[in-house]
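Peer 1: Read off the chains here:
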Amino acid sequence: MSDQAIVEKLKAKFSAAVLEIVEYRGETTVTVEKEQIVKISTFLRDDCGYNLLCDLCGVDYLGKATPRFMVVYNLYNIAAKQRLRVKVPVAEDDTNVDTVSTVWGTANWHERECWDLMGINFKGHPDLRRILLPADWEGHPLRKDYPLQGPDREPYKGRLS
Amino acid sequence: MAVNTETMTINMGPQHPSTHGVLQLILELDGEVVQKATPHIGFLHRGTEKLSEYRTYHQIIPLTDRLDYLAPMSNNLGYVLAVEKLLGITDEIPERAKVVRVLMAELTRLKSHLVWLACHALDIGAMTVFLYCFRERECITDIYEKVSGARMTSNYFRVGGLSEDLPEGLEKEIRDFAESMPGHIETYEGLLTGNKIWQKRTIGVGHISAEAAVDIGITGPALRASGVDWDLRRDNPYSGYEDYDFDVPVSQDGDTFARYKCRLDEMRQASRIVLQALDKLKPGPILADCPKVTLPPKQDVVNTIEGLIHHFKIITEGFKPEPGEIYQSVEAPKGELGYYLISDGSPMPLRMKIRPPSFVNLQGLPQMVEGKLLADVIAVIGTLDIVLGEIDR
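Order-wise, the sequence lines are chains A and B.
Under my numbering, think of the first position of the first sequence as 1, with each following residue one higher.
Under my numbering, think of the first position of the second sequence as 1, with each following residue one higher.
Chain B with its partners taken away, still in its complex shape (with noise of 0.2 angstroms):
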């Protein structure tokens, strides 16, 4: 009987519960070994960078939520950075909306790096690990209520500072929970590290050096774990990271347990970075004076007509930055999240792009897969966190 030899093309997604979302991959497959695999991104677009050229730039803010929407309050700190930029008035941002940008972000990545955990070891067969973690990323989003009325959307961070200020007795709910979250990595950590299972599906598995990383631009937890020690917030500090005192955990093995150990590791930097922000938190004003930008406070609105009419003319005219272009960019849980901004002189950004660490990091896919094993796809997918929302736009 003649050996069968030809391929088989299966098709991978949209609907699949471990692409992450609306992912599709086209699988070329010899056997069980992939030899191509094609990825298809696009479901999911909303038009974003479209949509801002025709909002004001505080209009815009409730659209970043919705990029990495694991990950929001990261994504409302890059673009505040880059608008704040383009108008100049980063030196003016008070110290506590800083503090608190710095918390929040922190918490934030924590809240990512929870999900990815929970859903990567669900997808290689790690229940158990899946409950714990939302039961812990629960906590967060409760904080997040708490701090802005939603628990995903935030939408917390104005141009200028904040929207509004920490509600009164949530700093020790906070510092609960942070100093709660090494017990519980410990936990995660018991269940999976030596886990034999684990290691299998993990180690070795989805291997790339970090030239061919930093070649297809991968960034973030996934780029450090292949030995590139770069942070940016350690190497190009926004927001008052410098005076933080915390270690950035990279790893030279390349793999997927590499990328796991990483992103444990910087979950404890998360905890202990929002410990010492809560020490640095001291009471003080929120938002910059910077009167053509920010609003006034509301006690002036309602009590006086000068009040009234600065509040009516931002709402409905918005500011308007000189000409000019800058690209702010953030460590998000992801990796580096961009935005470039170009400003015509007119209320509304002349164009935005916002640069989406899992949109590039999933371009390293194939390279990942490829001569690989079907089973270690979903590995890989899982190990690269991506996010739908973000890749699409």
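Bound-form chain A, shown alone (with noise of 0.2 angstroms):
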């Protein structure tokens, strides 16, 4: 099945929840609604082959876009040898995001990295620890109101600056 297809079969299944289908580089993007997410994502690997979650992550596009913050799914499917991207908007004062580690295995840290680094809240989540930094740590460093050189430091005043 080609990525029009898999769109097109996408549409008519969840017609209100798609947002934006891009096409960029050979490579499909389809943004769809958040609070759609688990059952979408349930669909991909059910009925359409894609049984690899190759990475999570998500973006911060603080001052370029609103909503603020992106969850980026890169999915593959491995007999088809396909990708697809799926991405859902997530609202700065709503943070919540329910988890697709029930879907696919390998979110479970992908989800946790995501909330220890960027501060998105994966509902569902079974075990929503910080990963990479230490438990007492404060703030998300992905954040792009996250200083580089790290809170009450003088910031980074890189030569493109």
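Just to be clear, a hint being listed does not mean it is correct.
As the list claims (entries may be wrong) - Now the in silico label distances, taken between C-beta atoms and shown as ranges:
{"id": "1", "chain 1": "B", "residue 1": "R175", "chain 2": "A", "residue 2": "F14", "range": "32 to 40 angstroms"}
{"id": "2", "chain 1": "A", "residue 1": "K13", "chain 2": "B", "residue 2": "S180", "range": "38 to 46 angstroms"}
{"id": "3", "chain 1": "B", "residue 1": "A150", "chain 2": "A", "residue 2": "E138", "range": "32 to 40 angstroms"}
{"id": "4", "chain 1": "B", "residue 1": "E164", "chain 2": "A", "residue 2": "K64", "range": "35 to 43 angstroms"}
{"id": "5", "chain 1": "B", "residue 1": "K172", "chain 2": "A", "residue 2": "T66", "range": "56 to 64 angstroms"}
{"id": "6", "chain 1": "A", "residue 1": "K13", "chain 2": "B", "residue 2": "L170", "range": "42 to 50 angstroms"}
{"id": "7", "chain 1": "B", "residue 1": "F312", "chain 2": "A", "residue 2": "K64", "range": "36 to 44 angstroms"}
{"id": "8", "chain 1": "A", "residue 1": "K64", "chain 2": "B", "residue 2": "N11", "range": "43 to 51 angstroms"}
{"id": "9", "chain 1": "A", "residue 1": "G150", "chain 2": "B", "residue 2": "L308", "range": "46 to 54 angstroms"}
{"id": "10", "chain 1": "B", "residue 1": "K313", "chain 2": "A", "residue 2": "A5", "range": "41 to 49 angstroms"}
{"id": "11", "chain 1": "B", "residue 1": "I10", "chain 2": "A", "residue 2": "K123", "range": "28 to 36 angstroms"}
To be clear, the hints were calculated from the coordinates, so they are not data collected in a lab.
The structure displayed is predicted, hence computed values, not measured ones.
Positions of the beta carbon are idealized from the N, C-alpha and C atoms, including for glycine.
Could you use the hints to bring the two separately framed chains together as a complex?
Peer 2: What follows is the structure, given as structure tokens:
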């Protein structure tokens, strides 16, 4: 099945939840509503063959787009050797997203990392602790308003700023 | 006397020789049986992703060396391919640069697998293999030094090609090495494969089924040893891999011994690819003709004002990919190494997410050791072939 066919299938099933479809450099990105992410993930895994969640991450678009955050799922279909990217927008005042660790087990650590570094709260996650930073760390360093040099220090004045 | 039924919690690492770096495991033991294993990572976190948001695309290449420091050129390769895809110049990379990239990537695979075999065997008690493997690894490290000037942190590939051409006479050295490699692999196999102790320590140990491995996201040789026939070099080829003739070793057993056999076969295939790459190597340019991205030849920089300005502009300002996002992955020695890049049109990425294979593979460890013996934990850490540099980033 081509990317196009998958997208059509997804649109037919979740017409209200699909917000945007972008093709760029041969890659398809589908933006969907965050409320539907578990249902869509299950559908993509069971009916479209996307059995491997390669990567999950958060992106901070502070000052560039609203809503501020985006959670990105890079999927892969091992049988058809195909990729698909699914994104969900997440607002700054409600950073809750349903966990997909029930769909792909690998999401467990990816979501912990995303919580740790970006501060996205994955609802229903079995063990949402910090993973890379110490348990008593304050703040989420990959957010754009978190200074590169760490809190309470002179901001980095790189050669490009 | 009452039987003591309490479990014991012990701490393994972060300073422990067989955790291969700074991995900490909290093990809950019932006698010698592991009830629960909880990995703690992050001791080597350097914030690579955050740092890269404050650097131009070219300045990020040295950061990628330090992810999987046992296979630096694979990381370089994944990153430059990702940036080239973002820029849309994938088709403009000259043939020679592509062949040298494959050549170095496969030497890197050998280099990484040699360290894996050396340490894995050492952990389980086979000391001799360690010395042999490091002898061969030294040859690759020497090649690295001659090619890039550094033995580990190579920083050799550039967006658009290579930083410089191979030095004269090196092709023969690489050919001699690649031709000798299958014989060396026979030696390692002779020491291990039929060895009763090795078999007892590896066969049936750390078993994981294909379904469980895919669910947990395990990739690379560890996945192929569980029976999933998937290799990015063959299935989503990059950098001209479709022109090479190689096999993808697969096993159905899913245990430590199967992973050992798969990786050894991969080393044989890697030497085959190296020899093919040497045959394909023809003189030619090593940098794409993309003046907005690549640096001008040094001759122009020192002799012409245009060349100097061009050089200055690229060094100080970098280049600006148009807004967009891409995901590019390569078959690194440890599995799928992916780079997810978002450009907002500025000279620095808005976000760079690295998908490190070891991070995801390590997640399978609790499944593979729970209910098994404590001694098997050592074997399983070795067989997963983790590098904390890329787990913690």
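Peer 1: Between the beta carbons of E164(B) and K64(A), is the distance compatible with 35 to 43 angstroms?
Peer 2: holds, 38 angstroms
Peer 1: Is it true that the C-beta distance of K313(B) to A5(A) lies inside 41 to 49 angstroms, as the hint says?
Peer 2: Holds: the Cβ-Cβ distance is about 45 angstroms, inside 41 to 49 angstroms.
Peer 1: Given the range 42 to 50 angstroms, decide if the beta-carbon distance of K13(A) to L170(B) lies inside it.
Peer 2: Given about 56 angstroms between the Cβ atoms, the range is violated.
Peer 1: Falls inside 36 to 44 angstroms, the C-beta gap from F312(B) to K64(A)?
Peer 2: violated, 29 angstroms
Peer 1: Taking the beta carbons of I10(B) and K123(A), is their distance inside 28 to 36 angstroms?
Peer 2: Holds: the Cβ-Cβ distance is about 34 angstroms, inside 28 to 36 angstroms.
Peer 1: Mind checking the hinted window 38 to 46 angstroms against the Cβ distance between K13(A) and S180(B)?
Peer 2: violated, 57 angstroms
Peer 1: Does the Cβ distance between G150(A) and L308(B) fall inside 46 to 54 angstroms?
Peer 2: violated, 38 angstroms
Peer 1: CB of R175(B) to CB of F14(A), is that within 32 to 40 angstroms?
Peer 2: For R175(B) and F14(A) the Cβ distance comes to about 56 angstroms; the hint is violated.
Peer 1: Could you tell me whether the CB distance from K64(A) to N11(B) stays inside 43 to 51 angstroms?
Peer 2: holds, 44 angstroms
Peer 1: If I claimed the Cβ atoms of A150(B) and E138(A) lie 32 to 40 angstroms apart, would that claim hold in this structure?
Peer 2: Between A150(B) and E138(A), where Cβ atoms are some 37 angstroms apart, the hint holds.
Peer 1: Given the hint of 56 to 64 angstroms, check if K172(B) and T66(A) actually sit that far apart at their C-beta atoms.
Peer 2: holds, 60 angstroms
Violated hints, listed in ascending order, are 1, 2, 6, 7 and 9; each of the other numbered hints is respected by the structure.
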